[in-house]
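Number of protein chains: 2
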Amino acid sequence: QKSTETSVDAIIEGLLSGDRTMLSRAITLIESNASRHQKPSEEMLQRLLPYSGDSIRIGITGVPGAGKSTFIESFGLLLCHKGHRVAVLAVDPSSTLHGGSILGDKTRMERLANHPNAFIRPSPSGGTLGGVHRKTRETIIACEAAGYDILLIETVGVGQSEVVVKSMVDFFMLLVLTGAGDELQGMKKGVMELADAVIINKADGGNLELAKKTQKEYKQILHFLQPTTKGWTTPALTCSALYEEGIDQVWEMIQRYMKMTKDSGLLLEKRKMQAKEWLYAQVKEQLESAFFGNEKVEKLVPGIEKKVMNEEMPVAKASRLLFDAFYGK
Amino acid sequence: QKSTETSVDAIIEGLLSGDRTMLSRAITLIESNASRHQKPSEEMLQRLLPYSGDSIRIGITGVPGAGKSTFIESFGLLLCHKGHRVAVLAVDPSSTLHGGSILGDKTRMERLANHPNAFIRPSPSGGTLGGVHRKTRETIIACEAAGYDILLIETVGVGQSEVVVKSMVDFFMLLVLTGAGDELQGMKKGVMELADAVIINKADGGNLELAKKTQKEYKQILHFLQPTTKGWTTPALTCSALYEEGIDQVWEMIQRYMKMTKDSGLLLEKRKMQAKEWLYAQVKEQLESAFFGNEKVEKLVPGIEKKVMNEEMPVAKASRLLFDAFYGK
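From first to last, the protein sequence lines are chains A and B.
Just add 106 to the spot in the first sequence (first one is 1) and you have our numbering.
Just add 106 to the spot in the second sequence (first one is 1) and you have our numbering.
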């Protein structure tokens with residue numbers, strides 16, 4: 107008991123003084139599923155909370171190949187050069203699906219990783235919520251307490267992860283490719299409607315003209331969609347992360363958004379709602395794990411599911427049978 | 107016990123012979139929350155299942171004022187005249203919000219209600235799932251077993267109800283107004299992306315030109331969106347429900363869709379997936395009711411929620427405290 111206390115003290119002290127190793131250790135504690143880590147982790151977070159919140163939380167999504175890594179590196183370096191401290195949290199629910207993790211390898215963003223103002227944390231494995239680690243929100247708190255004033259949370263545009271990431275950031279960007287024509291690259295439904303900005307990357311060289319055309323198309327669509335934030339017109343910007351062009355404009359846009367939503371009180375309101383939603387999402391996830399992880403329920407599920415799918419059993423009955431099993435009736 | 111058995115037998119016999127009163131009674135039994143009705147209801151549904159499924163399930167949504175009632179009446183009458191038997195299930199999560207129920211009053215669709223081939227069931231109160239009654243899916247089974255081969259499930263475009271209705275129909279239509287310009291009537295995010303067709307109503311008289319313009323705008327947007335069904339291009343049609351113009355084309359389109367998805371096997375696949383999703387949605391809803399309805403949890407929630415929203419308590423701790431209360435720790 108005593109040694110854990112000391113350890114949490116040491117982590118907090120180190121973290122608050124900007125020690126990266128201690129921040130890493132804090133995140134490892136946060137992500138731990140060991141029950142003996144639960145209380146120390148809670149205590150640590152409770153004590154870090156007063157130091158958190160004063161940051162800009164930015165979500166970045168895009169299909170594989172849209173150039174997220176290159177963009178984050180360019181963008182992150184720009185911010186570091188301006189004196190900001192940048193933490194990159196990468197979320198990758200699909201590394202096995204798409205052949206190659208979008209992260210894990212810090213070599214992916216070597217220049218950024220080596221900058222003293224940057225901290226890159228690869229995607230953790232373990233319990234997930236819509237493809238996002240259950241504890242990513244807590245990790246944000248730790249990074250902020252460690253003095254990182256800009257959080258970049260990256261997600262690959264697969265499954266539910268964008269919705270979850272959107273629910274923990276102030277600003278959500280969609281990075282897209284040029285030249286995919288009208289199909290919009292088979293983008294997942296609804297992703298564009300989550301975006302506070304669409305960034306058309308690789309607007310360089312022979313691709314520039316196509317980028318401008320793509321930008322025009324996105325503007326056309328965005329014109330018809332409701333902006334995610336009241337009073338904010340979702341822009342479509344072009345940039346070249348590779349040649350570091352247009353990145354400054356992206357940062358200017360985000361600052362404009364932050365000022366607007368801070369002044370109007372929308373930012374505070376949004377963060378409060380996000381915290382609340384996160385609480386309920388956590389509780390629901392835990393409830394479902396308990397239910398579907400129940401041995402008796404687990405045994406029944408395949409047969410019942412099959413009968414329901416073949417319209418051989420009404421859903422009401424199927425549901426009742428599962429609950430009977432759960433409650434040991 | 108014995109009398110209930112007999113009663114279920116009588117309901118089933120009457121229902122299968124097309125007796126509307128017995129269908130109404132069956133639905134009342136399905137919707138009942140009384141625990142003594144649970145088993146008879148289950149038994150009844152189990153016995154009705156073999157007679158269900160052979161229908162076209164159509165969902166219809168649209169903002170208040172889009173003319174859903176008039177459309178459903180015109181459309182329903184057309185189908186009745188063609189010899190179909192049409193059941194209308196109305197879902198209204200927002201009657202108190204928008205001043206006036208979209209249903210309840212059968213006078214709303216008097217001509218259709220009086221047609222011998224039609225059956226109109228107003229929205230039930232009671233437990234809901236995203237604004238849709240927990241048992242609407244079971245009600246569909248009863249209607250189908252009673253010989254209704256076309257189901258029209260109406261929902262007002264508010265909250266989560268469209269998503270839930272979409273999850274129980276074969277074809278989902280969005281009814282829109284003309285003349286709302288580029289704003290698309292402040293439509294809820296993502297609703298258009300659920301639609302298998304967009305129907306621009308009130309395309310008549312002085313409104314006709316505007317309707318054509320609106321149609322063009324919708325076509326432009328739909329062009330950019332992914333269709334909800336592989337191989338299906340989501341059309342934008344105009345009609346005048348009031349003057350009964352263009353309604354036939356809507357029916358032709360739905361038949362085309364049904365043939366396509368039946369031939370390809372997509373329809374069967376979709377229905378199987380819907381049944382499965384419905385099962386999980388039901389289980390989750392019941393789990394959450396049990397948890398948040400727990401007396402000790404209920405007492406804790408307001409205080410904990412407030413602390414989480416004010417960033418005074420980490421979510422992980424808040425969640426743990428609620429579970430401790432639930433498990434009586």
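Hints are computed from structural coordinates only; laboratory data are not their basis.
Misleading hints may appear alongside valid ones.
[What the hints assert, rightly or not] Below, simulated SDA-like cross-link-like pairs (lysine to any residue); rule was C-alpha separation at most 25 angstroms, straight line:
hint	chain 1	residue 1	chain 2	residue 2
1	B	325	A	334
2	B	382	A	334
3	A	322	B	321
4	B	378	B	120
5	A	390	B	269
6	A	322	A	332
7	B	382	B	186
It should be emphasised that the depicted structure is a prediction, and the values quoted were computed from it without experimental measurement.
How the hints compare with the structure:
Distance check on the hinted pair: residue 325 of chain B and residue 334 of chain A sit about 23 angstroms apart at the alpha-carbon level, within 25 angstroms; holds. A distance of roughly 32 angstroms separates the Cα atoms of residue 382 of chain B and residue 334 of chain A; the hinted pair therefore is violated under the 25 angstroms criterion. For a cut-off of 25 angstroms, the pair hint linking residue 322 of chain A to residue 321 of chain B stands: about 21 angstroms separates their Cα positions. The straight-line distance between the Cα atoms of residue 378 of chain B and residue 120 of chain B is roughly 28 angstroms, outside the 25 angstroms bound, and the hint therefore fails.
Annotation: proposed proximity of residue 390 of chain A to residue 269 of chain B holds, straight-line Cα distance about 19 angstroms (limit 25 angstroms). At roughly 17 angstroms between alpha-carbon atoms, residue 322 of chain A and residue 332 of chain A fall within 25 angstroms of each other, so this suggested pair holds. A distance of roughly 32 angstroms separates the Cα atoms of residue 382 of chain B and residue 186 of chain B; the hinted pair therefore is violated under the 25 angstroms criterion.
Checked against the numbered hints above, the structure breaks hints 2, 4, 7 and satisfies the rest.
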